[in-house]
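Kindly generate the complete structure, drawing on both the sequences and the hints.
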Amino acid sequence: DAGITQSPRHKVTETGTPVTLRCHQTENHRYMYWYRQDPGHGLRLIHYSYGVKDTDKGEVSDGYSVSRSKTEDFLLTLESATSSQTSVYFCAISNSQETQYFGPGTRLLVL
Amino acid sequence: AQSVTQLGSHVSVSEGALVLLRCNYSSSVPPYLFWYVQYPNQGLQLLLKYTTGATLVKGINGFEAEFKKSETSFHLTKPSAHMSDAAEYFCAVSLPGTGANNLFFGTGTRLTVIP
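Chains A and B supply the protein sequences, listed in that same order. Under the working numbering, residue 111 is the last one in the first sequence; the count climbs by one each step, no gaps. Under the working numbering, residue 1115 is the last one in the second sequence; the count climbs by one each step, no gaps.
There may be inaccurate statements among the hints.
Claimed, not checked - Computed spacing ranges between beta-carbons, pair by pair:
| id | chain 1 | residue 1 | chain 2 | residue 2 | range |
| --- | --- | --- | --- | --- | --- |
| 1 | B | 1042 | A | 30 | 21 to 29 Å |
| 2 | B | 1115 | A | 53 | 24 to 32 Å |
| 3 | B | 1056 | A | 53 | 40 to 48 Å |
| 4 | A | 56 | B | 1028 | 18 to 26 Å |
| 5 | A | 22 | B | 1030 | 32 to 40 Å |
Stated by the list, open to error - Reference listing, derived: stretches of chain B covered by chain A, where coverage requires no fewer than 3 residues with Cβ under 8 Å from a Cβ of chain A:
| id | segment |
| --- | --- |
| 6 | 1057-1066 |
| 7 | 1080-1090 |
Since the hints were made in silico from the structure, they are not lab data. Where is the CB? At the ideal position from N, CA and C, for every residue including glycine.
As structure tokens, this is what we get:
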């Protein structure tokens, strides 16, 4: 997985609670991304980062926020989790305008 | 706007048969094109990509794809399916020169290989 770890790998939480997912890379890549994967939708971009403290919204950013205080870490926060945010979340990294490398994913269940 | 269409959410082939997974795209500029594979409970792994140059690109595990601009297609093929090819395959497009080079994915095709 190209030096990418995600934590936790699995999480069950309740509606209305805050949740933070972490992506950590050891590749010193500039760009980092958060996607969610849902049946019938493929992967959809939530937020991305093009440098420390530089982030922007993706296609499905509502209800999510991100932070990147260090090159190696990109955090995804669900301020108040909802059942519609039950999904598998993938982090990706890239160092050019070409290939993205994906982490192993985090399965989130919101009850 | 850019989009990716994968025809067939499920494809079944016999072991040893040809694998053909279809991908069509729409894009306002010449795109970069990718195929990723996802095995159960794993992340996505790059199979192959087209950026510039030769339109027939070869990837890992015997897969290849051909960029056909006139047909806006990037179909994935493998001459002889193996049981280990059973997985979900995603076609994706990005637009070079558009900042962080965000990927837009198709909805995926699940490949089943029948012994």
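Evaluation of the provided hints:
The hinted window of 21 to 29 Å between residue 1042(B) and residue 30(A) holds, with their beta carbons roughly 25 Å apart. A hinted range of 24 to 32 Å is violated for the C-beta pair residue 1115(B) and residue 53(A), which are about 53 Å apart. For the pair residue 1056(B) and residue 53(A), the beta carbons lie near 42 Å from each other, so the given range of 40 to 48 Å is met. For residue 56(A) and residue 1028(B), the hinted distance range of 18 to 26 Å is satisfied, since their beta carbons lie about 19 Å from each other.
Separated by about 36 Å at the C-beta atoms, residue 22(A) and residue 1030(B) satisfy the suggested range of 32 to 40 Å. Coverage of the segment 1057-1066 of chain B by chain A is violated. Counting CB-CB distances below 8 Å, 0 residues qualify, and the rule asks for three or more. Taking a C-beta to C-beta cut-off of 8 Å, the segment 1080-1090 of chain B contributes 1 residues in contact with chain A, too few for the three needed, and the coverage statement is violated.
Of the numbered hints listed earlier, those contradicted by the structure are 2, 6 and 7.
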